[in-house]
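Engineer: Given next are the chains, with one letter for each unit.
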Amino acid sequence: MSETILKRAPAIDGWFTIDDEPVLLGNRCTTCGTVWFPKASFFCGNPACDGGEFEEARLSRRGKVWSFTDAQYQPPPPYIPRSETYEPFALAAVELDAEQMVVLGQVAEGVTVDDLEVGQQVELVVEPLYADDDTEYLVYKWKPVTS
Amino acid sequence: MEAGDLVTDVVIAGVGMHPWGKWGRNFVEYGVVAARAALADAGVDYRDVQLVSGADTVRNGYPGYVAGATFAQALGWTGARVASSYAACASGATALEVARAEILAGRCDVALVVGADTTPKGFLAPNAGERPDDPDWLRFRLLGATNPTYFALYARRRMALYGATERDFAEVRAKNARHGLENPNARYRKDFTVDDILASPMVADPLRLVEICATSDGGAAVVVVSADYAKRKGLDNAVAVKAVSTVTPAFPQTVIEMPNFATDSGVAVSDSVTPFKDSIAAAAYEEAGLGPEDLSLAEVYDLSSALELDWYEHIGLCKAGEAERLLHDGDTTIGGRIPVNPSGGLACFGEAVPAQALAQVCEVTWQLRGQAGARQVDGARVGITANQGLFGHGSAVILSR
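Residue numbers (the working numbering), protein chains in the order written: chain A, 24 to 170; chain B, 4 to 404.
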C-alpha cells in the first residue's frame, strides 16, 4: 500500500452519512407519514396516499436483528472484492422500531454469524466497501452493540 | 354465464418438457422440444394453435424478450397470435394466465404456452452494465447480497422462531432427492443422506451448497384449450384448470424480499394485511372454491430446503411453526397425507426460470392423470403449484381431475 491518504466518500450518494455517528437517510411522506428507505421520489407507495412530497428522515441508528446470514463464496459482479483472497462477510436484516421497517446490510468487519443472534441489538457504522486510486468508498454496516 | 362457471372452462390438453440439465445449447431448442412433446401429448396439430404464449428469459438476448414470437417462428409461422410475459420465476404462470384469459374471453380455443432457458454457471447475477437505479444491481454492488442471502435470512429466522434445525432442512433435501430419483426430466438424480447434505459446504449460513437451488437449462410447455374444444375433439385425458393466481403483495410488505434493501414501513397503516406468500395460494383457493384440505399433492418453490417448510404454512397445509412436524411425520413424502414436490422439486431440477412454473404444472398434470410412474401419488385428484417471482410476482395454479 502507498502512503497516500485516500479521500472518503459514500459508495452511493444520499443513502447515509459518513460522520462519527452515521445514520441512514430515508425520507418521510409529508401527506401520510410513511417512511421510505431507500428514499422515495415523485410518489408515495402507500396505496391509500396520493402524496408526492417528502422530507428527509434520519433513521434510527439502532435496531434489533430480524435475521442474519453470511456469504461464504464471493458474490458475482457488480460486487467488487476488496482483496485478492476472498474474505467472507456476514449480513443482517435489522428491525427499526420507530420506523416499523427492516433494513438489510452487511455486518461490520470481523463479526461472524457465531457472534450474531436474532433479537440482538446492533447499531449503524460505516466501513470501506472498495477503493480506487484516490478514494475509499464507504458503505453502511450493522455492528453488534457491546455497551 | 355465472362468473364462477368460467374456471371450469379451460383445460390442459397436453404437457411436455425438455429434460433439465446444463446442456449449453440455445434455449429455443429446449422450448421447441417441450412444445412438440406437449402437442403430441395433447394430440393437437401445431397448425391448430391460435395463440403462442411465451415466458421470457432475460439472459438470452432479444429472442428471450419476445419468447412468444421466438417459439412461434421456430415452430413455423402460422399467423397465430403471440404474447410474451415476464414475471421472473413466475413468468410461466403469467404466460399460462394470458392463454387462459384469451380462451375465457372467447378469442381462441387452443393455446400453446412455452418457457425455456439457458443459464450461466454459478449465482444468478444481474445483467451487465452500470445501473445504480436498479435495486437488483445495487444489492450486489453495495451489499454483496445474492439470492441465497435472502433464502438464508428466512431459514435463520425459522430457526429462531420455531426451533428448526439444520438437520430439519437437510431432511427436506433428502426427501426431495428420493422423490426425484425416478424422474426422467430431473437434472440431479442422486440419493443424498442427511449426513451427506450436512457435509456439503456452507454457502449462506445455515444453508449448504446442495440445499440451494442451482440454475439449469430446460424447457416446459402446456397446451391449454377450451373445455368445449376438448369435448369436440375427444381429448378425454384433459385436466381442469381451476385457478391461476398471479397476485402481488399488499402494502405494507413487512417481510424483506429479494432484491430489496428494506421492507415497507408500517407506521402509516393500522390495519394488518395478509402476508404476501400467504396471499398467493389464498387467491387460488378462493377462485377454485377449494381449500388445502382438498389437495392430493403440491409442487412448491423450494429455492432452498428451508423455504419448502415455509411454503407448507403459506399454502395452508399446517399452521405457522408446524411444518417440521409435518415433515417428520412423513405427511409430505410420497405415500404420506399430502406429498410435496413429488417431482423432486427445484432440489432435483435446478431453476430454469421461465420454464419452472410450467414444469410445476406439467408435474401436477401427470400426477392427476396417474402417469407419474415411480413417483405417482395414489389417487391424486387435486393439485396446487406455488411459486414467487422477484419484484412481487405471486403464482399458484390449481388443477383437478
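For the record, the hints were derived by calculation from the structure and aren't laboratory data.
Because the structure is a prediction, the values reported are computed rather than measured.
Warning: the hint list may mix true and false statements.
[Claimed, not checked] Some, not all, of what chain A presents toward chain B, calculated at C-beta under 10 Å:
1. P45
2. V46
3. C55
4. P61
5. F91
6. Y96
7. A131
8. G142
9. Q144
[Stated by the list, open to error] Okay, the calculated bits of chain A under chain B, using three or more residues with CB under 8 Å as the criterion:
10. 68-78
11. 154-162
C-beta: ideal position from N, C-alpha, C; glycine also.
Engineer: What are the numbers of the hints that this structure violates, sorted from low to high?
Structural biologist: Violated hints: 1, 2, 7, 9 and 11; rest satisfied.
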